[in-house]
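Asks: If you read the sequence shown in full-length UniProt numbering, its first letter stands for residue 1, the second for the next number, and so on.
If you are wondering where the hints come from, they were derived from the structure by calculation, not from laboratory data.
Watch out, some of these pointers could steer you wrong.
[To be verified] Computed list of lysine-lysine pairs in DSS-like fashion (alpha-carbon distance at most 27 Å, straight line): (1) K246 x K235; (2) K246 x K209; (3) K209 x K235; (4) K235 x K205; (5) K230 x K209; (6) K230 x K318; (7) K246 x K205; (8) K246 x K230; (9) K318 x K209; (10) K230 x K205.
[Stated by the list, open to error] Pair by pair, the computed Cβ-Cβ distance ranges are: (11) Y321 x E216: 18 to 26 Å; (12) L280 x V61: 56 to 64 Å; (13) R194 x E216: 51 to 59 Å; (14) I62 x A95: 38 to 46 Å; (15) K55 x D285: 21 to 29 Å; (16) Q236 x L331: 25 to 33 Å; (17) A320 x A195: 37 to 45 Å; (18) D350 x E216: 30 to 38 Å; (19) R302 x I62: 41 to 49 Å.
Positions of the beta carbon are idealized from the N, C-alpha and C atoms, including for glycine.
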Amino acid sequence: MDNIKRSARAERGERLNGQIKLTGTKLTGTKLTRRRIPLSCQARRVRKLKCNREKPCQNCVIRGDIAIATCSYAKKNDARSPGSTLQPEQEDMRARINRLENSILSVISKEKKNNIPPLSPSLGKNNDDHVGQAGGQKSSVDTRSTHWDSILNDLGAMKDAWIDDHNQFETSLPPATSSYRPSLLGSLTEPPDRATVLASLPSRKEGDKLIERFFEGYNPSIPACYLFHKTTYMKQIEGFWEEPQKARIIWIGLYFSTMCLALQSYARNNDIPPEYQDTLATVIDLYRIRTAQCLIIADITRPVYLMIETMLCYAFIKYAYERDGDMGTWLLSGNIMRLALQQGYHRDPDQHSGLSVYEGEMRRRVWLIVTQHEMHGIKLL
1 MDNIKRSARA
11 ERGERLNGQI
21 KLTGTKLTGT
31 KLTRRRIPLS
41 CQARRVRKLK
51 CNREKPCQNC
61 VIRGDIAIAT
71 CSYAKKNDAR
81 SPGSTLQPEQ
91 EDMRARINRL
101 ENSILSVISK
111 EKKNNIPPLS
121 PSLGKNNDDH
131 VGQAGGQKSS
141 VDTRSTHWDS
151 ILNDLGAMKD
161 AWIDDHNQFE
171 TSLPPATSSY
181 RPSLLGSLTE
191 PPDRATVLAS
201 LPSRKEGDKL
211 IERFFEGYNP
221 SIPACYLFHK
231 TTYMKQIEGF
241 WEEPQKARII
251 WIGLYFSTMC
261 LALQSYARNN
271 DIPPEYQDTL
281 ATVIDLYRIR
291 TAQCLIIADI
301 TRPVYLMIET
311 MLCYAFIKYA
321 YERDGDMGTW
331 LLSGNIMRLA
341 LQQGYHRDPD
351 QHSGLSVYEG
361 EMRRRVWLIV
371 TQHEMHGIKL
381 L
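Let's have the full structure, built from the sequences with the hints guiding it.
Replies: Below you can see the structure in the form of structure tokens.
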């Protein structure tokens with residue numbers, strides 16, 4: 001009875017330890033592998049939609065000319081793309097399947113070599129499922145070889161299906177690129193180190209002159225000066241020049257942005273100083289890039305102090321190059337709004353007991369500019 005139970009369990013293809021259960025059919029031969037050809041077209045496989053196998057299929061016709069152009073079917077001779085690679089865990093899984101196949105083949109070869117008799121002599125007499133007709137006479141069929149072949153067939157099908165799924169996933173991924181675009185949202189080249197950023201600063205005398213220009217050259221279309229309390233900001237600049245290495249990178253970006261806005265006011269009002277007659281555009285572009293690099297180093301996804309103010313100044317700089325409503329400034333405005341909400345600028349500062357009167361007033365100013373920037377944008381006069 002125990003032998004019959006073990007044989008029946010082996011016929012169903014179940015592992016005794018319960019870890020793997022495979023169901024197969026009677027097959028002859030030592031190993032049978034097949035490649036599963038996808039039935040759906042490429043576009044429907046990516047979108048996980050039904051395909052009626054027409055050329056073009058019904059779903060591709062509904063979705064228009066672009067979808068029709070991508071309606072293609074896999075051919076029988078389609079091979080795995082030579083450039084595709086597997087992850088370490090996928091390689092490990094494939095290696096385990098290969099080891100299992102080799103182990104089963106080794107067991108089969110040993111059984112054939114040693115001519116091991118069937119597990120149960122009575123199995124061929126009592127189990128009608130394993131009795132076949134040959135020339136009108138009944139003959140017993142060896143269920144062990146059928147069982148091993150069934151498992152090998154299932155393993156081969158599992159490997160092929162797994163590789164096909166991996167290939168379909170790879171074809172659905174957009175092509176990777178290592179190129180960079182010189183903008184904040186498009187990612188700059190790798191940001192320079194702190195020493196390189198500091199080396200781009202002007203002299204203290206020249207920097208103070210630009211900051212004075214920033215506060216004096218008021219422009220109602222660019223309300224950047226409202227983000228600052230002049231006396232406080234000048235004290236911060238004085239402390240920075242005493243120990244520039246201790247300044248936070250986001251503050252350095254804010255300093256670059258205010259100087260860049262001051263330089264842009266020269267070009268806007270046509271009163272360029274003699275020292276900038278030939279280099280104004282170059283210096284403006286340098287300070288703009290340094291502002292963006294400082295923002296990237298500080299990580300624009302982190303709601304840190306002065307991040308909103310620096311991003312607003314950078315947006316004001318960008319408006320000198322882009323028209324109102326352009327995608328770049330629109331996305332930047334959305335990021336600023338989300339960061340401001342995350343930092344709680346929309347809440348009444350009076351409800352925060354830890355904020356001073358000055359800090360509460362500055363938060364109100366920042367929130368007002370953020371909301372106006374988001375709703376109306378900024379039009380340069």
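Asks: Kindly indicate which numbered hints from before are broken by the structure, ordering the numbers from low to high.
Replies: As far as the earlier hints go, 13, 15, 17 are violated by this structure, in ascending order.
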